[in-house]
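Participant: So the chains spell out like this:
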Amino acid sequence: MQTFFSIAVDAFAYGMVLFVISIGLSVTMGLMRVVNLAHGAFAMIGGYIASYAAQSLGLGYAAAILLAVFGTVAISIPIERLLYRRIYGAPELTQVLMTIGITFCIIGIANYAFGPTLKTIPLPTALQGSADLGFRSIATHRIFAIVCGLVVAGALWYAIEKTAFGVKLRASVDNASMAAALGVRTEIIYAVSFAVAVGLAAFGGVLGAELLPVEPYYALRYMVTFLVVVSVGGAGSIPGALLACLLLGGIDTTGRYLMPEFGEFFFYLAVIAIICIFPRGLAGRVR
Amino acid sequence: MKRVVIAAFAAIIMGSAAYADTIKIGVVGPFSGPFALQGKNFKAGIDAYMAMNGTTVGDDTIEVIYRDLPAPDPAQSKALAQELVVKQRVQYLTGFYFTPDAMAVTPILKQANVPLVIMNAATSAIVTKSPFVVRTSFTTWQTSTPIAKVAHDAGVAKVISVVSDYGPGVDAENAFKAAFEKEGGQVVEAIRIPLSTNDFSPIMQRIKDSGAQGVFAFLPSGPTTLGFVKAYSENGLKDAGIKFFAPGDLTQESDLPALGDAALGIQTTFHYAVSHDSPENKAFVEAASKAIGSPAELSFPSVGAFDGMKVIYRMIEATGGEQDAEKAVNAVKGLSWTSPRGPVSIDPESRHITQNIYLREVTKADDGTYYNKEIQTFEKQGDPGLAAAR
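Residue numbers (this note's numbering), protein chains in the order written: chain A, 1 to 287; chain B, 1 to 390.
Rather than coming from a laboratory, the hints here were simulated on the basis of the structure. Honestly, I wouldn't trust all of these hints.
[As the list claims (entries may be wrong)] Taking CB as the label site, the calculated pair distances span:
1) A:Ala131 with B:Ser294: 34 to 42 Å
2) A:Ala113 with B:Lys282: 51 to 59 Å
3) A:Glu92 with B:Gln88: 38 to 46 Å
4) A:Ile272 with B:Ala71: 37 to 45 Å
5) A:Lys162 with B:Asp261: 41 to 49 Å
6) A:Ile272 with B:Gly241: 41 to 49 Å
7) B:Gly293 with A:Pro78: 27 to 35 Å
This structure is a prediction, so every number in the text was calculated from the model and none was measured. We put the beta carbon where it would ideally sit given N, CA and C, even for glycine.
Given these sequences and hints, build the entire structure.
Facilitator: Below, the structure written as structure tokens:
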């Protein structure tokens, strides 16, 4: 029983870290219909900015996170205006080719500017060490990640489902020309959504840095995991992504604990099974 | 008499001047991609050696040609080696960070009449594949065996082994198990985890549940090591008194700033620490730091490269610049010298380097940086892996 709880706690923590990083990708792929393979690169930029801010500028953790999120968004604005705008609505292959190209450019620049070594983001004392849950201890920053994940999930769901902006966004996604005819400025809607998605990527990059350390190949190394989460959850669905993260986190963690020799066998087996039963993902919308 | 001497000198000078040549050395290593840091260290070691010992041997000028192999790729490795031999006409092949890449090249050595000096690839068996292979790095068996004695001496009787599921990881597991059981200890469980593991918390739980007093670990340096070491301290294993033993790959110098306090007190055994206290190492670190640009990036492959060049220079000296792989390799069999890592020699039978293995502990220096502090020396260690393979 203790083992069960122990695995459950690990699974939950891992799942929430995955969620924070992947949800931005779910937004771009599901709502904006862009296969953004540069998502991991944006998360990495966030990590580098936070690391630089904390290590070289001596800023606090909160300030480093803010700088990372807004800095990454600032970097992404010209990229969106000059490059992404051309591929909205383009065939998927075009999108894949361009975004993977952007990823390689960012890897090269990061390698040149910051070198190939691992970069860390020092945690504030409040998040260091571990907390005692009674039956086991868990790293404090994991609890922080869980809380952040839940807040992000709630805020996004509210913004998309309950606000006027969310209504316009869903309208633009379903039928851009009709929405434009009704006076919705789709360009601005897309730009804002893209900025939010990139900001979330950066936030996730910083938050997950303890688990997925920042280095130049971050941008490609974890991309498969992020894509799997989005496709299992159903692109564009926040509850779907949350469910997928918890489910996959749980399967992965349990598999690793009980039978580490099998590696990621159970993880991918689960992915195949879920995709067979739900081809559009757990909460994917019928198009 | 005087005239004869002068005439003889003139003859030597003119004679050898006629033979003065450019000798090319081909280096294959990861100079871009995820392992670029290791390739950079190759280059730093080579540059340092050439800066300290000149770019000529006798009358021959040495030219180094680099070929980039970003990730393990045996087919590409062989293609690059062939190109170097056939088109560039290199007389020596060297470098090679990954075992499969080095293995792929061994079949062409005889026909090409080219010796292969391995600067890193650490699987024992490579030297048996061709008589023209010499290695100046280490093997995983060589560095993982002494730590078993350290664990036993620390009063640990039960150890759980956790390694990444790939060649060197399996080597490390076997080496540790063999040595630890010989000491009278018990490996209660041996876990192999996939290379792509990000979250090590479940593994830590498993270690705790196993009831072992210590954990032996081997993972490739970089993100996985960082995750593992952090998880080790965060999940309370460090506080629970479960000791951590590993070969030095886990605490290579370029990773230490990122590992930070989480690595403090971890004991590893390895053939080289950048902090090694000797005049030879001081001179080497100074030259290599200059070559690599940022001293914080200096790590163990640089010393393998440095000594690799030493061996190649000796080969060129012995053959007088002629291409003769057999003569070249024979000339370095039994060669011994003082390397930046300490006294070393080339074992005449295996053509692998015999060297001291040091027990080191990650320590914080007065200026706040972390380093591997050598605390014990295991002298003249050969490669136990070859004997085990037989």
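Participant: Next step is simple, just say for each hint if it's right about the structure.
Facilitator: Tested hints:
no. : hint                               : verdict
1   : A:Ala131 with B:Ser294: 34 to 42 Å : 37 Å, holds
2   : A:Ala113 with B:Lys282: 51 to 59 Å : 31 Å, violated
3   : A:Glu92 with B:Gln88: 38 to 46 Å   : 43 Å, holds
4   : A:Ile272 with B:Ala71: 37 to 45 Å  : 27 Å, violated
5   : A:Lys162 with B:Asp261: 41 to 49 Å : 44 Å, holds
6   : A:Ile272 with B:Gly241: 41 to 49 Å : 42 Å, holds
7   : B:Gly293 with A:Pro78: 27 to 35 Å  : 30 Å, holds
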